[in-house]
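Chains A and B, in that order, give the protein sequences.
Here our numbering is used: the first residue of the first sequence is 1, the next is one more, and so on.
Here our numbering is used: the first residue of the second sequence is 1, the next is one more, and so on.
Read the hints as simulated data drawn from the structure, not as lab findings.
One or more of the hints may lead you astray.
[What the hints assert, rightly or not] Far from chain B, by Cβ distances over 12 Å, these chain A residues were calculated:
| # | residue |
| --- | --- |
| 1 | Q6 |
| 2 | P31 |
| 3 | N41 |
| 4 | Q45 |
| 5 | T51 |
| 6 | T52 |
| 7 | E66 |
| 8 | K68 |
| 9 | K69 |
| 10 | S73 |
[To be verified] According to the in silico footprint, chain B covers these stretches of chain A (three or more CB under 8 Å from chain B):
| # | stretch |
| --- | --- |
| 11 | 17-28 |
| 12 | 106-112 |
Note that CB positions come from ideal geometry on N, CA and C, so glycine has one too.
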Amino acid sequence: AQSVTQLGSHVSVSEGALVLLRCNYSSSVPPYLFWYVQYPNQGLQLLLKYTTGATLVKGINGFEAEFKKSETSFHLTKPSAHMSDAAEYFCAVSDRRPGAGSYQLTFGKGTKLSVIP
Amino acid sequence: DTGVSQDPRHKITKRGQNVTFRCDPISEHNRLYWYRQTLGQGPEFLTYFQNEAQLEKSRLLSDRFSAERPKGSFSTLEIQRTEQGDSAMYLCASSPSGGGSGNTIYFGEGSWLTVV
Numbered sequence: 001a002q003s004v005t006q007l008g009s010h011v012s013v014s015e016g017a018l019v020l021l022r023c024n025y026s027s028s029v030p031p032y033l034f035w036y037v038q039y040p041n042q043g044l045q046l047l048l049k050y051t052t053g054a055t056l057v058k059g060i061n062g063f064e065a066e067f068k069k070s071e072t073s074f075h076l077t078k079p080s081a082h083m084s085d086a087a088e089y090f091c092a093v094s095d096r097r098p099g100a101g102s103y104q105l106t107f108g109k110g111t112k113l114s115v116i117p
Numbered sequence: 001d002t003g004v005s006q007d008p009r010h011k012i013t014k015r016g017q018n019v020t021f022r023c024d025p026i027s028e029h030n031r032l033y034w035y036r037q038t039l040g041q042g043p044e045f046l047t048y049f050q051n052e053a054q055l056e057k058s059r060l061l062s063d064r065f066s067a068e069r070p071k072g073s074f075s076t077l078e079i080q081r082t083e084q085g086d087s088a089m090y091l092c093a094s095s096p097s098g099g100g101s102g103n104t105i106y107f108g109e110g111s112w113l114t115v116v
């Protein structure tokens, strides 16, 4: 069974500061990896994903994430936070092996990002 | 580009009543998913359709829950004899076929259920 751990349920940064949101996964085979963002009372929007190839993945709104197999991590970063980045961020995985359960996304509990002016 | 649509967006119901949510996926997507999200938690998988076939169901989907996708287009999620523990946001999502489980899954804005 896969699991996702997001360290820190709440992260606060100053506007213009580096954003770092942590995600670690547990899986016998490296899964597909996703980051989603959720604004209040809205659904989830994909920020970026890693399936294969280059381990540094760039997404929307200036976010990027790096897959590190040795650390079983997929941390999300942004060099300079904007007020509009305040939202909840979810890391998710899906099993790349064909078979039952492989189309399910398993989500972490989320990290709420606050940006201080 | 019309995304995933869900209706109603908000529903307040009394305990014991039945409720039904509707989801219209992105038109060319033949995979459709239902997830449930409670406050302070990430979404949890409920069920998955490939066209009209329901291929996977989570054990979270008790026998009070039933999901259908009769013509492979829109889907409904019905909850019978609602309980207060059913209060949550119910998210529908869709994705194209091909590309395996690495495909991007697109989510709707969710249907909030409050059971009083």
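Would you pick out the hints that fail for this structure and give their numbers low to high?
Hints 1, 2, 3, 4, 5, 6, 11 not satisfied by this model.
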